[in-house]
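Colleague: If you want the building blocks of each chain, they are given just below.
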Amino acid sequence: MNDSTVLLDVRSLRTYLHLRTRVLRAVDGATFSVRRGEALGLVGESGSGKSMICQSIMRIEPRPAAVIEGGEVVFEGEDLMQKDLSQMRHIRGSRIGMIFQDPMNSLNPVLTIGNQLIESLRMSHPRESRAVLRERAWGALDRVGIRDAKNRLDAYPFEFSGGMRQRVSAAIAMSRRPKLLIADEPTTALDVTTQARFLGLLDELRRADNMSLLLVTHDLGIVAETCDRVAVMYAGRIVELASVRQLLSSPRHPYTQSLLQAVPHLQGPRMRRLFHIPGEPPDASSRAAGCRFAPRCNFASEICRTKYPPSLRYSNGDTVACWLHVPENDREDGASAGSLPARSLEPASDTGLPG
Amino acid sequence: MKRALLELRNVSQLFAGRHRSQRGLTQAPAVDRVSLEIGAGESVGIAGESGSGKTTLARMALRLLPPTSGQILFDGEDIANASDETLMRYRRDVQAVFQDSVSALNPRMRVRDLIAEPLIVQQSSVGRAEVDFRIDELLDRVGLPLGMRDCFPHELSGGQKQRVALARALIVRPRMLVLDEPVSALDVSVRSQVLNLLLDLQEERRLAYLMIAHDLAILRHVTTRVVVMYLGRVVESGLTEEVLFSPQHPYTRALVAASPKLAVNKRESPPLVDRESVDAESSGCQFAPRCPLAARQCHESAPELAAVGEATDRIHFAACHFTGRQGI
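In order, the protein sequence lines correspond to chains A and B.
All letters in the first sequence, in the order written, are residues 1 to 355 by our numbering.
All letters in the second sequence, in the order written, are residues 1001 to 1328 by our numbering.
Chain B with its partners taken away, still in its complex shape:
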């Protein structure tokens, strides 16, 4: 197998308690030994409820947060413990677009400066003419009128702001984008425009995407592989179509079942029970308290990620004692 562009190896993130009373207590890690590979030009999605660790994982992939343990390799190079120089290069290669473009864009900067800023920070030697050229090129590419160069963020609509955020990410010609809920703040009609743009850009520039979205339909549309997280752990991963159409983990099944569908038929399965508070001491499966299939072994030992199905397609993994056992 060819080398991945970005590889996370067993990364974990443990946040220290904020209050004195919490210090020293055993805490459940926000992200617990997650491994993930993204090839050049590939798009991988992360799904899961709030609190599943999706965003923490993305922040580690961006190296905004050094992992508590584990390795991050980009192009084979260690990023988790990299020098400032390497990190600088990494920040050019990997750019981010966040959900809330209002807080991502400095309200006192004009669109042209917002877009130019990453380039100027990264390559101070670039001439003004080149910067201007790239700004115009990008404005055009993300579908903003050139006349918008001098606007301030508050003059733009939500969709336009997200396009500026995208242009800003692209100006340094990255190889990968981390997209954290990039369209969830947008209205349906604008959302489809931005999703199409993301797909086109990926094709043109052979960008790799790490995309977080709580909306499975959006992940299905953009990504080829998907990782489902629950309480900091990967519970299932595989080709997006496969995971969504034949989910192996009961949690994935519940997520798919709970997602609103544009069809008149009512929900087929009873929704999940509430999440209990996290028991860091538990040695069993984290999902067991909510799982309709949970048996005694589930409360006693945590299942490891294991390949689903035949050896020929060792790409679909699930962490469930019942994986592969049909008829349940």
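Bound conformation, chain A alone:
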């Protein structure tokens, strides 16, 4: 893969939460990249570390509990982990935008949305006149499909419905034309019809600006409809990364396979019983060796319980972290957790897994 196509490259990122009695390994060696212009879905269950990854990229992790212990986040050739916070302030908003799940919490309730838009634009244009910025704020609001945008500039967040509020936060996040938009569960609080319209809008704006999107969600259906590729997280790591088509038709990791079977479908034959993933999601404070999914995995063998599987890289950029994909005779070579170099494999047409 050509390096120039990569916009954001996250390598072995580790963010731990230091609580009074224990340390939670929220992000525990996550590696993935976002290409220019693509929409990458980041899916995982609650506690898998997806939000913490986003916060770490933006360096807004909840300090002091959260500490970035290691790893690199290379954005347009620069390692964000080496930046100090004042340098980060110039990257946030202007080059990487972000929207959150609950716009009621991310918008300031006592400022009109016009002022909030102007506040954001002001960061990029410190010397511009207020009238000009107001004009731009109007344009930004109009662009996200808010009717009568000029008058709505003077409205407060509470005067908008949930879907419209999320549009306002998208307008703010995109007003400075960032290269990357991180959206953390942007539609979880919305009804399906509103969600569909918001995701459609996001898609349209992203294509128009050739912006990349990192869409965090727990809903594989949303990913299927909006993303080009998808990264699946489990216990702080990316266990699989593939194109949406590949992932839906032949998932490589047993966790992804189970997830897809555990979801009730709106199409196809109705199953009387859903596939059942035994057990509970893992405890993030555990320092157990081996694959974190092994206790719930139907294919787990001895090595899965003792060594964390290396992340295998396919030539098209797909990755999978599972011993089932490591040929039997390669498992010996000192494949200690994570230390095996990423290997180049041909993309597999099917998983080759039993079942």
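I should point out that these hints are in silico values taken from the structure, not numbers from a laboratory.
The structure displayed is predicted, hence computed values, not measured ones.
Be aware that one or more of the hints could be misleading.
[Stated by the list, open to error] Some chain B residues judged to face chain A by a derived CB distance under 10 Å, without partners named:
no.	residue
1	SER1050
2	PRO1153
3	HIS1154
4	SER1157
5	GLY1159
6	SER1189
7	VAL1190
8	HIS1214
9	ASP1215
10	ALA1217
11	ALA1258
12	SER1259
13	PRO1260
14	LYS1261
15	ALA1263
16	LEU1272
Positions of the beta carbon are idealized from the N, C-alpha and C atoms, including for glycine.
Given chain A's structure and the hints, the job is docking chain B onto it.
Modeller: Quick look at chain B alone, frame taken from chain A:
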């Protein structure tokens, strides 16, 4: 047709305005003349967006909220205006499981007491041994380790809490459960466990379910019939498979189209326009302002629920002037 276990007849709920300025104004009812029947052992789903009146309807079915008008019959007995005694019995027969098990479970009670509480309230004569026996039986049945008896809710995961809520509902041996978004707070892997458990329990105990869910795929999985609500009214009802696979009302069609599907093909139809504010004065179809099919008659008169298709299967109903007219 045999008698329904629970029958709602034209129930409505009108909430009074909270502010003085709103009092006396005409308001759109939260639930408007809804009729619904649930047979013993049957599972019926309610679908609709937020504000459609799903939860209000469930609260009326639970008789947590007396309906402003209309009748509620359980086993043929009037519940809407029942005596305390009848209501007590009703509360045993009909139990509820809510979405947010954190607020449903008292944080200062242990799992065993939480599960036992409804039984002790209902039948104070039950001996301690019987209570203990039933607790253990239920813990086992909902898939919780017996060692969890003495835990507090904060020590449990979301899925475990929802299992406790379920055990608590089942201890009085109800005939019906009202499930208000019972799995929407749960992660996918845990959700499938709880859904399977709900299906198994229903089969074993011949429970009737009234299930509210915004996720149509979940309704499809659990329920045999479904009612689609929009702004307090039923716009379509019928067998779940039929309603979801050949939706007759444009609103149902939009809901189905907007639901995320695990397939790569992109959305087929343009999503709905925004909801306008509710016009209580309007005599037309409530959905008309958002409806892609709306014609003049839709703004003038509200369509009644009418049977779809042939007389042989008079179970699929829709409230749309265009029902049954093909090619639109």
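Colleague: Does each hint hold? Answer for all of them.
Modeller: Against the structure, the hints:
1. Of the supplied interface hints, the one on SER1050/B holds, with its beta-carbon coming within about 6 Å of a beta-carbon of chain A, less than 10 Å.
2. The beta carbon of PRO1153/B comes no nearer than 16 Å to any beta carbon in chain A, farther than 10 Å, and the hint placing it at the interface is violated.
3. Residue-level restraint check for HIS1154/B is violated (minimum Cβ-Cβ distance to chain A is 14 Å; threshold 10 Å).
4. With 10 Å as the threshold, the beta carbon of SER1157/B comes within range of chain A, its nearest partner Cβ sitting at about 6 Å, so the hint holds.
5. A hinted interface residue such as GLY1159/B counts as satisfied when its beta carbon comes closer than 10 Å to some beta carbon of chain A; here the least separation is about 7 Å, so the hint holds.
6. With a least beta-carbon distance of about 4 Å to chain A, the hint placing SER1189/B at the interface is held under the 10 Å criterion.
7. Hint status for VAL1190/B relative to chain A: holds, with the closest Cβ pair at about 7 Å, below 10 Å.
8. Taking 10 Å as the C-beta cut-off, the interface hint given for HIS1214/B holds, the closest approach to chain A being about 7 Å.
9. For ASP1215/B, the interface hint holds, the least distance from its beta-carbon to any beta-carbon of chain A being 8 Å, beneath 10 Å.
10. About 4 Å separates the beta-carbon of ALA1217/B from the nearest beta-carbon of chain A, less than 10 Å, and the hint is met.
11. The beta carbon of ALA1258/B is positioned within 10 Å of a beta carbon in chain A (closest approach about 4 Å), and the interface hint is therefore held.
12. A hinted interface residue such as SER1259/B counts as satisfied when its beta carbon comes closer than 10 Å to some beta carbon of chain A; here the least separation is about 5 Å, so the hint holds.
13. Given hint, PRO1260/B at the interface with chain A, holds; its Cβ is 3 Å from that chain's nearest Cβ, closer than 10 Å.
14. The interface hint given for LYS1261/B is met, as the beta carbon of that residue sits about 6 Å from the closest beta carbon of chain A, less than 10 Å.
15. For the restraint placing ALA1263/B at the interface with chain A, the shortest Cβ-Cβ distance is roughly 6 Å, inside the 10 Å limit, so the hint holds.
16. Given hint, LEU1272/B at the interface with chain A, holds; its Cβ is 5 Å from that chain's nearest Cβ, closer than 10 Å.
In terms of the numbered hints stated before, the structure departs from hints 2 and 3, listed from lowest to highest.
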